[in-house]
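Chemist: Residue-level listing of the chains:
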Amino acid sequence: MASASDPPGGPDGRDRDQARVVDRSVPDPRLPAVGAADRRRILAAAYVAEADAVYTFIVRRVGSVADAEDLTADTFLRALRGRSILDPSRVRGLLFTIARAVLAEHWARLYSEAPTPVGTLDQAPDGGPEGLPGSDADPDRLDRALDRRVTAVLASLPDNYRRVLELRFLEGCSVRETAKQMGLRPGNVRVLQMRALRRAAGLGSVLP
Amino acid sequence: MNEPETDQGLEAAAERLVKGQRAHPAPPGAAGDPRAHQVAAALAGQRRGREGAPAGLQRRVASLVSRELAQPSPVAGPAAPGHGSGGAGLTRRQWLTGTGAALAAGVAGIAVGELAARAPARTPPTTGGHRRESTLVPSEGIWRPVAAAERVVAGAAIPFVAGAVTGMLVRDPSGRILALSAICTHLGCRVRWVPASRQFLCPCHGASFTATGTFAGGPWGTAYPGGLPPLPRLRSRVTPDGMVEVLTAD
Ligand code: FES
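Heads up: the sequence lines are chains D and P, in that order.
Start counting the first sequence at 1; every next residue gets the next number (the numbering used here).
Start counting the second sequence at 1001; every next residue gets the next number (the numbering used here).
These are calculated hints, taken from the structure and not from any lab test.
Owing to the predicted nature of the structure, the values given are computational and were not obtained by experimental measurement.
One or more of the hints may lead you astray.
If you anchor each label on the Cβ, the simulated ranges turn out as follows [claimed, not checked]:
#1 D:E177 with P:D1172: 55 to 63 Å
#2 P:I1177 with D:R144: 35 to 43 Å
#3 P:R1237 with D:R176: 45 to 53 Å
Below, a sample of chain D positions facing chain P; criterion: calculated Cβ distance under 10 Å [as the list claims (entries may be wrong)]:
#4 A51
#5 A73
#6 L110
#7 D140
#8 D147
#9 R149
#10 V150
#11 V153
#12 A155
#13 D159
#14 R168
#15 K180
#16 G183
#17 P186
#18 V206
To give an idea of the chain D side of the interface with chain P (calculated C-beta under 8 Å), a few residues [said to hold, decoys possible]:
#19 D67
#20 L77
#21 R100
#22 A101
#23 L157
#24 Y161
#25 R198
For each residue, glycine too, the CB sits at the ideal point set by N, CA and C.
Modelling step: build the complete structure from the supplied sequences, incorporating the hints.
Modeler: Put into structure tokens, the structure is as follows:
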């Protein structure tokens, strides 16, 4: 491995960031006294253990498997490339913090014509400390918030709006199947779905 | 409530979500608000989340992790603005996902890299102390309006995306409007503005930059002698009717 990081002392002097610095010349006391190769294996395991959770966190927000795989790869690459953390117990927080940044970029990229709304997406909706770099994102709390919002949005929609969104997105029905189930023509389903999405969007952002 | 009855971009996005396909950038002129798309994504995500991760994902992540950790020096050097976050990262991503999913690798970062590559020689090299700011000037480009100048008040940073450029507008101490790239010069995450400390902070590994883009600190100790390069400046101007425009390469 490379030369050791010097003790913290960056110009910003912020304690929170300095807490992340790990002097690699000194073995982490929480790790068993092992060689560099073993330490690397332990660290690698800490990353790999989060693979499914990171993917699930992302797919729950982008809705598409292919996008979620890409963004998962992006998250791991950025976490590893910028490795300031060699303490396995910090890996989870780092990964989810980066996953949120990667998600915000994903939406900004898709909606590049929309500078203002996108610019606010990556702020924590409750103004909580998770919006700030240096504090780790808690994926479980964020997932609960997402579920609450999704439930609340569905609950506040008129019945036919809710039904069309449930059939289309929760159950993955085609426009034709949805039309059959709802006793509508496909064209009506398309219009209804757009109206329902816009109404739901008007209720506020679902993104935690 | 004068929304158009149809929105091709949103309708296409909805269809791709139901079919499980990749999202595409909204076509130019499509409704600029991503929230309706995000609602659909979160609903489809409920279903996809229950399906669990695709077979083999863990194995692919494992090889990515062990390859990366085997690199001799994880912090060998920051990404120069000329390289953005793309470069080798894109190759790895292609290897990981088995696709040329260029979109996912931080297109903004790559685009900045492209801009720098096309920049005339007067862009200062970012060797040494990185004290000098660099201005990304595409050799040919178009001026894109990004925000009304009156919105750019002291102490605030207005985010914008113009073409392939992701940036922030700020007022420098003399009151001039400054357009900065919002792509961290470490590994290309998008920096955020923290009003309380009047700094840009990068959510990925915690680099901070002053309001005029100078590197202010990071969690690496002295791993990067001289710090990171500053956030590149973008050529900007204010039109007679008060719009800030930024010069972009496409
Ligand atoms: S990408 Fe690493 S600190 Fe910004």
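Chemist: Does Y161 of chain D hold up as a contact with chain P if the rule is Cβ-Cβ below 8 Å?
Modeler: Violated, because the Cβ-Cβ distance from Y161 of chain D to chain P comes to roughly 11 Å (cut-off 8 Å).
Chemist: Checking hints one by one. Is D147 of chain D an interface residue toward chain P, by the C-beta closer than 10 Å rule?
Modeler: holds (8 Å)
Chemist: Check the following: the C-beta atoms of E177 of chain D and D1172 of chain P are separated by a distance inside 55 to 63 Å.
Modeler: holds (57 Å)
Chemist: Can you tell me whether the CB distance of R1237 of chain P to R176 of chain D sits inside 45 to 53 Å?
Modeler: At roughly 52 Å between Cβ atoms, R176 of chain D and R1237 of chain P fall inside 45 to 53 Å, so the hint holds.
Chemist: Interface hint check: V150 of chain D, Cβ to nearest Cβ on chain P, cutoff 10 Å. Holds or violated?
Modeler: holds (5 Å)
Chemist: Close enough to count: is the Cβ of K180 of chain D nearer than 10 Å to one in chain P?
Modeler: violated (15 Å)
Chemist: Have a go at the A73 of chain D hint: is there a Cβ in chain P nearer than 10 Å to its own Cβ?
Modeler: Status holds, d = 4 Å.
Chemist: Does A155 of chain D pass the interface hint, meaning its C-beta sits closer than 10 Å to a C-beta of chain P?
Modeler: violated (13 Å)
Chemist: Could you check if P186 of chain D really has its C-beta closer than 10 Å to a C-beta on chain P?
Modeler: violated (12 Å)
Chemist: Tell me if the interface restraint on D140 of chain D is satisfied: Cβ within less than 10 Å of some Cβ in chain P.
Modeler: violated (13 Å)
Chemist: Can you verify the interface hint for L110 of chain D: is its Cβ closer than 10 Å to any Cβ in chain P?
Modeler: Since the shortest Cβ distance to chain P is 5 Å, the answer is holds.
Chemist: Return the status of the interface hint for L157 of chain D: holds when the least beta-carbon distance to chain P is below 8 Å, violated otherwise.
Modeler: violated (10 Å)
The structure fails hints 7, 12, 13, 15, 16, 17, 23, 24 (numbered hints given earlier, in ascending order).
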